[in-house]
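Engineer: Throw the hints in and build the complete structure from the sequences for me.
Here the protein sequences line up with chains A and B, keeping their order. The first sequence: position 101 = 101 (the working numbering), numbered continuously. Positions in the second sequence are counted from 1; adding 150 to them yields the working numbering.
Hints are computed from structural coordinates only; laboratory data are not their basis. Honestly, I wouldn't trust all of these hints.
[As the list claims (entries may be wrong)] Footprint (simulated), chain B over chain A, 3 or more residues, beta carbon under 8 Å:
no. : region
1   : 7-15
2   : 34-41
3   : 64-73
4   : 122-132
Built from N, CA and C at the ideal position, the CB exists for glycine as well.
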Amino acid sequence: MSDLRDLYQEVILDHTKRPRNFGMLEHATHRAQGHNPLCGDQLALFVEIADGRLRDVRFAGKGCAISTASASLLTEALKGKTTEEAHSLFAAFHRVVTTPSDEPVDVSGIGKLAVLAGVREFPMRVKCASLAWHTLEAALAGRADPVTTE
Amino acid sequence: MKATTEPALARPALDVEALRKQFPILARRVHDWPLVYLDSAASSQKPACVIEAIVDYYARYHSNVHRGVHTLSEEATSAYERARAKLRDFVRAASEREIVFVRGTTEAINLVAQAWARPRLLPGDEVLVTELEHHSNLVPWQMVCGQTGAVLVVAPIDARGDVIPDEFARRLSKRTRVVALAHVSNALGTVNPVAQFTRLAKQVGAIVVVDGAQAVPHLPVDVGALGCDFYAFSGHKMYAPTGIGALFGRLELLDAMEPWQGGGSMIRSVTFEKTTFAPAPERFEAGTPNIEGAIGLGVAIDWLQKLDLTAVHAHEADLVEYATSRLAEIPGVRLIGTARERAGLVSFVVGDVHAHDVGTILDGEGIAVRAGHHCAQPVMAHFDVPATVRASFAVHNDRDDVDRLVAGVRRVLEIFA
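Structural biologist: Right, here's the structure in full:
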């Protein structure tokens, strides 16, 4: 197997131990709950949108290293983006983590999120990396039901 | 009288090295490591004799059972019914008619909930479960409570993971109709004092339903000594195939229960006006059953009994003790569940590293454990953890496997240092 360090890279461990933009966002215009029933991960995502841009993005909850780091990286990547940019970043990210590990994949369009590409080697963990993003989509769509990975 | 130099109580210890050779899957390498399989509580691996029995059945005498007069059908029926007789001996039931073939523990408990409890429970009646229960011994009771207006009552566990006997006793009353409890907890390994709790339940006239899924691979079971009314278990956790299990039910109760599924095999006569049902156990076995599963289960029972479940229990108790002390040496490891009596497994968390990360890193070294809530979310809530890592043991495990686990856990701490 590929080295576990491909999955647990320093950047990921850093975001796990010191998640960025962690906590509630009082003035959120959009919010959603995400839940992975398989492992019990719970995530709340808060977004403040003004003039079509994500002015602030924060998250709260608890989960595994991969889901926490993914949520933390998401908040950093999305601040200041337009909602269209957010959707297309989600699509690009989703394509990367769901491309089978024996196929080549282009990570150039996803910036720092590329550190999560290692999750492709661990199909059971793709849901962990995707949870925050599915929750984001739900928040932007204004869906009230909690998102679940199952 | 025969002279012997051996002490009267000496039992043959398990020859683990020879046993390992009987499990073809243990020859596998996972991520370039020899497989260490510590997830038998989720599903055990199968010895060659069980695998061969299934192949032999399909290659030589596959046919439907209880139908047709031809040779193959007679052979298949006889093998299927021989398996039922083995199950009777295995749990010390009084009669083969007390053994109902089901898909597994979950189906067995649902059968009791729907066929015994649902027509009998009245609004305000109570079903008592313990805080230890697997969802399969909780959700079917919640459902039947919803259907009847009965109330679900929960007996709490203490900080070690033992059901608190006084609290259990306090929750029993004339309103208690059903007591449902695990023999062995799948999340913590706690062995419940089933005989003692059953005696208390009987004083208020409740029936007792035991989830034996995690007990049958590890302990000798005697339903008469336990005094329970129903005892449910799965084949696949005791070296047999998936999709087959058994429900022991006291004949008096089974005979008084209406069928819960209709179809072929479970009838005596059918007209458009009226159908009469076969007696137990057939009345609860509508449709073509899992014949290969039953035959495989019968072979697994023969194999387990030859090993001697007392010897199996002693071997696994040693592994539980060894794993507990080795894991406790690691700073940051917290054992979840330290009940007075445990069987078959250890459950733990590693610092604040999520169980799934531990599971992935261990898998990277060829070690299969279960990481998650173990279908026992109330137990996780009790210990205030989202999930635990569970290493569970089978006859083929040895102390080397535990050493590999311990080295893997140290590696987790290294990565997350």
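Engineer: Could you run down the list of hints and mark each one as holding or not?
Structural biologist: Hint check results:
Under a criterion of three residues with beta carbons nearer than 8 Å to beta carbons of chain B, the stated coverage of the region 7-15 of chain A is upheld, 3 such residues being counted. Counting residues of the region 34-41 of chain A whose C-beta lies closer than 8 Å to any C-beta of chain B gives 4; at least three are required, and the coverage claim holds. A count of 3 residues in the region 64-73 of chain A with a Cβ less than 8 Å from any Cβ of chain B is obtained; the coverage claim is therefore met, three being the minimum. Interface restraint, the region 122-132 of chain A with chain B: holds (4 residues with C-beta to C-beta distance below 8 Å; minimum three).
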